[in-house]
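Peer 1: We have chain B; now place chain E onto it with these hints.
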Amino acid sequence: MKKLKPSRLLFYIFITSFALVWLIPVFFLFLTSLKSNGDLFGNPLYALPEEFQWGNFVEAWKEGNLGMYMKNSLIISVIKVPLGIFVAALAAFGLTRLNFKWEKPVYLFIILGMTIPFQACLVPLVIMLNKVNLMDTHVGLIFIYIGFGIPMATLILYGFFKGIPNELDEAARIDGCSDLFLFLRIILPVALPAISTLVILDFLATWNEFLLAQIFLTSDELKTITTGIMSFKGEYSTNYPLMMSGVLLSVLPVLLVYLIFQKHFVNGFGGAVKG
Amino acid sequence: MKQEVIEKSVPISSPQKIVRKTELKRTLKPILYMLPALIIYITVIVIPTFYTFYLSLFEWNGVSVEKIFVGFGNYINLFTNDTVFLKGLKNNVIWTVLSLVFSMGFALLLALMLNKSFKGRALFRAVFYFPFILSNIVVAIIWVWIYHPNMGLLNELLNKVGIDSIPWLADPKIALYAVFIAATWQHVGSSMVIFLAGLQSMSKEPFEAAKVDGANSFQAFYNITLPLLRETFIIVFATTLFYSMRVFDIIYAMTGGGPSHSTQVLASWMYYQGFTLNNVGTGSAISMILLFLVMIIAVPYILWQGKKSHV
Chain B
1 MKKLKPSRLL FYIFITSFAL VWLIPVFFLF LTSLKSNGDL FGNPLYALPE EFQWGNFVEA
61 WKEGNLGMYM KNSLIISVIK VPLGIFVAAL AAFGLTRLNF KWEKPVYLFI ILGMTIPFQA
121 CLVPLVIMLN KVNLMDTHVG LIFIYIGFGI PMATLILYGF FKGIPNELDE AARIDGCSDL
181 FLFLRIILPV ALPAISTLVI LDFLATWNEF LLAQIFLTSD ELKTITTGIM SFKGEYSTNY
241 PLMMSGVLLS VLPVLLVYLI FQKHFVNGFG GAVKG
Chain E
1 MKQEVIEKSV PISSPQKIVR KTELKRTLKP ILYMLPALII YITVIVIPTF YTFYLSLFEW
61 NGVSVEKIFV GFGNYINLFT NDTVFLKGLK NNVIWTVLSL VFSMGFALLL ALMLNKSFKG
121 RALFRAVFYF PFILSNIVVA IIWVWIYHPN MGLLNELLNK VGIDSIPWLA DPKIALYAVF
181 IAATWQHVGS SMVIFLAGLQ SMSKEPFEAA KVDGANSFQA FYNITLPLLR ETFIIVFATT
241 LFYSMRVFDI IYAMTGGGPS HSTQVLASWM YYQGFTLNNV GTGSAISMIL LFLVMIIAVP
301 YILWQGKKSH V
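Chains as they are written, first to last, in this note's numbering: chain B, 1 to 275; chain E, 1 to 311.
Keep in mind the hints are simulated off the structure, nothing from the lab.
Since no wrong hints were added, every one of them can be taken at face value.
On the chain E side, residues computed to face chain B include the following (Cβ under 10 Å):
1. LEU35
2. ILE45
3. ILE146
4. PHE242
Quick partial rundown of chain E residues pointing at chain B, CB under 8 Å, derived from the structure:
5. ILE31
6. LEU153
7. ARG246
Sample of chain E residues lacking proximity to chain B, with all beta carbon distances greater than 10 Å (derived):
8. GLY73
9. ILE76
10. PHE207
11. VAL212
Quick caveat: nothing in here was measured; it's all calculated off a predicted structure.
Ideal placement from N, C-alpha and C gives every residue a C-beta, glycine not left out.
Here chain B stands alone, though its shape is the one from the complex (with noise of 0.2 Å):
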């Protein structure tokens, strides 16, 4: 084996030690979560926990009602997100491969939407939504929800189909497929990189969104988990190991996402926004 030599070693050091540091939020969450009222408030809080308190996570998630929110934030994005995605899909697809006229204002003026802040939006939305009796529903939320993710999405898919080869399209087209055939069974098929990649974000994007969730559902049984965890911690507020212990199964579904798809999210991601 190679001797590491003094400039690789002290990189290691340096490198680690920020590592370190960017994990002590995350560290210290978990050794909350695991420890007793009695043992948090008696022993220093960087200490093991004296039992390990793994009822912790049962009470939470009982008391929380975190199966409830997980399963509301669970629906929201199973629809969401693909609806979304097809619907953008069809018009990267319209702008993109059809010869359109207003290919660039049109799509400049899709694009321009990822700019504005849902803040400018919100009360005609509430205004809107009271008027068709969608407020605090979870169709209403979903409407918004993919009315503000077309843009970036647009940005993304326009950008990969523009990278697919107009041969593609010419050969099928001898063959004789229908534009419809064409968009179906070979340009998304072809765009699968990038349409998983928009996939992970935009359901990452959807499970903590927290603004419009708040506004637009006020019923308990229909809030997500991101508003949900934050009456929780509203309830909880000086019981830190259950509130963290929550803070930690709310966590979970997203982290499971993460280290599955974990080299979309660090190679896809930058690709993805560059376009």
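Peer 2: Chain E only, in chain B's frame:
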């Protein structure tokens, strides 16, 4: 297999008819594909934005039937009478500058370190990126606990080395910076990943040439890496800027804009004016100012994006 079916379904008609038909099709077909996206987008974002502008010209509590037209009165009032608004504006500027200097700088530093190939690189990358997958609310809850005045980890560690406890989130002078650190912890990873993608897409040739010419690594970084990273810089710059101008969740969940409005930003003040205090006109005016500020930077950026992807 399916091709035969489609071939049969194409009707046979005179060449003239086909030309006219395809011309019409050419304009209508693409629009048909864009229609669902356009309708939803216009309903959710475009119309509400214009309607918010309309509302910003009125004094309205959101409930009563009558709206009182005040013209640009709400805007004038914000700039002349509302000290919290001005504070929020200032905080947005501070937040943006801090993000552009520290978060971006740190993200670039991490990306440069992780761009080398070494054992465990993927693991380090995952560690720094990890906080980005958490929701702002979760990050807020964790950091409020770390900053807890009597029982928080940070103060306990400070006490251990003989420093008195600091009321991180309760001191108007430092609360904003304390929240900023939490936000940076969460966001550095995402900028880092974009920088990394930029670094990894560079070709090795100029660096090899520089090596032959005897350039040291700093010279190579300054003269080759930085200029080649220009495009990536613009992307990170723009996304950081948009996020900083619109920052809301983490402030709302950590301090609620307090203590004594010291961490209020435009987005949070809009929320309080519009939804807690029911001053819909004032809230709308604030969001229009926010929109205007974002647009100043966003429009050139979007045009640049459009040009770039049109190559």
